[in-house]
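Build out the structure end to end from the sequences listed, making use of the hints.
Each residue of the sequence shown is one higher than the last, beginning at 1 in my numbering.
Since no wrong hints were added, every one of them can be taken at face value.
Derived lysine to any residue pairs resembling SDA-like cross-links, with alpha carbons at most 25 angstroms apart:
1) LYS64 - GLY46
2) LYS184 - ALA75
3) LYS101 - LEU63
4) LYS66 - GLY97
5) LYS99 - GLN53
6) LYS185 - GLU162
Cβ pair distances, simulated, as ranges:
7) LYS185 - SER245: 46 to 52 angstroms
8) GLY183 - ASP151: 20 to 26 angstroms
9) ASP151 - ASP110: 20 to 26 angstroms
10) SER220 - GLN124: 40 to 46 angstroms
11) GLN124 - GLY207: 34 to 40 angstroms
12) THR174 - GLY244: 30 to 36 angstroms
13) ARG39 - GLU121: 25 to 31 angstroms
14) GLY207 - GLU121: 36 to 42 angstroms
15) GLN124 - SER60: 45 to 51 angstroms
16) VAL186 - GLU222: 52 to 58 angstroms
No lab work stands behind these hints, which were simulated from the structure alone. Positions of the beta carbon are idealized from the N, C-alpha and C atoms, including for glycine.
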Amino acid sequence: MNKLGLLLICLTSGASAQVRVYAPPTNPTVSIKATVSVRALSEVSGPRFTLGQIAEITASAELKAKLEQIDFGTAPVAGIPRPIITARIQSLLMVAGLKAKEFDIRIATDAKVALKVQKIELAQFIDEAKKTVAPLVGPQVEFRNSQTFPDFLAPLGEVQLEAGKPSKSQNGFTVLVSVLVAGKKVNSRLINLQVDATSTSAAIKAGDTVRIYLRSAGASIEVTGRARTGGYTGQQITVIASTGSVHQATVLSASEVEVKL
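Right, here's the structure in full:
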């Protein structure tokens, strides 16, 4: 092969000779039709997103419009970004009937797509739980919460917190508070409410000795007894008087209950 890249082949037949010249095959130049530049971080609102939402596209108006509408798939889960890779874009181009080699795909380092979110603070969950428990114990009882959840990340949309039925625990209540976005439940958190021992609220535990005020038609008799069940100020508990009688009583303080006969 000479410097021009030509292949010389000599064919001989007797005294005569023929020389044929062959040029090596060449690869045709690929014409780039568009440039797709993926941003380092794109935020989408879901539930699905398109190529146009995560990339800047340079192309003819008609082709650009087509590329921007290519469905990239479902949006990522709230709080968990998803990486964007070249192979995924090439695959989607081919599905759209396009030749991937005709596109200059540029992806920023560690490019990701994330779901746009709104934050719900722990205090909002606690407030919702307290509202649900309040009718059961009365306004005098104060609660505290020592949980340290991070902010809840919810998809965009109208948010509603919905508390379930409170369950009584040793020192208070547990309440499952659900997060609804646009009327659809997305997740929940279990909130623990404990009676604040430093507050003015009072609690009686099962087995505690109590003073029982038996009231009837303006008259009042005081006897001692024990609590069969526990409760907080304003709650109904079961007590056993020293006489052996059993009553439903209202908690007045940490050691006093009232029975209306």
